[in-house]
Amino acid sequence: MTHNTPRNMLRKTMLVSTVAGLFLLGGCGDSKSEQDEAAPRTTPTATTPTPGTTNATTPAREQSEAERTLRRFVQHLAEIEFEEALELCDPSSAGYTEIESQLSIITQNPPSASMFRPLFSGAYRDAQVEPVRVEDSRARFQLTSRGNAKTIDMQRIDGNWLVLAPEGLVDMAIRSFSPTDTPPRN
1 MTHNTPRNML RKTMLVSTVA GLFLLGGCGD SKSEQDEAAP RTTPTATTPT
51 PGTTNATTPA REQSEAERTL RRFVQHLAEI EFEEALELCD PSSAGYTEIE
101 SQLSIITQNP PSASMFRPLF SGAYRDAQVE PVRVEDSRAR FQLTSRGNAK
151 TIDMQRIDGN WLVLAPEGLV DMAIRSFSPT DTPPRN
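In this note's numbering, the protein residues as written are 1 to 186.
Take the hints with a grain of salt, since some may be wrong.
Stated by the list, open to error - Derived pair list, reagent style EDC-like, types lysine to aspartate or glutamate, alpha-carbon separation capped at 20 Å: (1) 150 with 167; (2) 150 with 130; (3) 150 with 126; (4) 150 with 171; (5) 150 with 100; (6) 150 with 90; (7) 150 with 67.
Hints in this document: simulated from the structure, not taken from any laboratory. The structure displayed is predicted, hence computed values, not measured ones.
Construct the complete structure from the given sequences, taking the supplied hints into account.
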């Protein structure tokens, strides 16, 4: 786990700045053939209800609620609404600190938000959320963006679904970035 010291936060900011600069200049990017070689998607299986159960919450409803929460979380990442994304996360999850550090970078340096916007918007705007398993107040989803995949676990705590954010969501945004994500120049 990476500690959020000022030096590490500066390194992350410099890395993101460098990557964004390379893409803005057109120096990097996945070729069409690399995108075509992405692993094929597998069809996830949802939990089927057990005959004779009388639970008020069915597995289909559990999946729907969890998926809706995860989609809101991903939308907040795409819009760089990190505070709102953090509200949907379990504070003890590994990725919570990573998102929190990005929020502090943007808060301390508002112009950096314009640099992060194409990264996160491009990576998460069209991301696919596929259910893998939903059972016993726990859920697992596959988040896929431009050939990059991340497993996202969720847990129902006090009646609310919370995202157990994994580390690497910022790295996933960087890997998913494309030069076409840059905003039009005025």
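- Message: Holds or violated: residue 150 and residue 130, Cα atoms, limit 20 Å.
- Response: Cα-Cα ~11 Å, so holds.
- Message: Does residue 100 sit within 20 Å of residue 150, going by the straight-line distance between their CA atoms?
- Response: holds, 19 Å
- Can the restraint linking residue 150 and residue 167 be considered satisfied, given a maximum Cα separation of 20 Å? The given pair, whose Cα atoms are some 10 Å apart, holds under the 20 Å limit.
- Query: residue 150 and residue 126: Cα distance at most 20 Å?
  - Reply: OK: residue 150 and residue 126 at ~14 Å, within 20 Å.
- Query: Holds or violated: residue 150 with residue 67, Cα cutoff 20 Å?
  - Reply: holds, 15 Å
- Query: Going straight from one Cα to the other, do residue 150 and residue 90 come out at no more than 20 Å?
  - Reply: Distance ~17 Å between residue 150 and residue 90 Cα, so the pair holds.
- Task: Decide if the proposed pair is consistent with the structure: residue 150 and residue 171, CA atoms, cutoff 20 Å inclusive.
- Result: The hint holds at about 11 Å.
The structure is consistent with each of the numbered hints, conforming to all of them.
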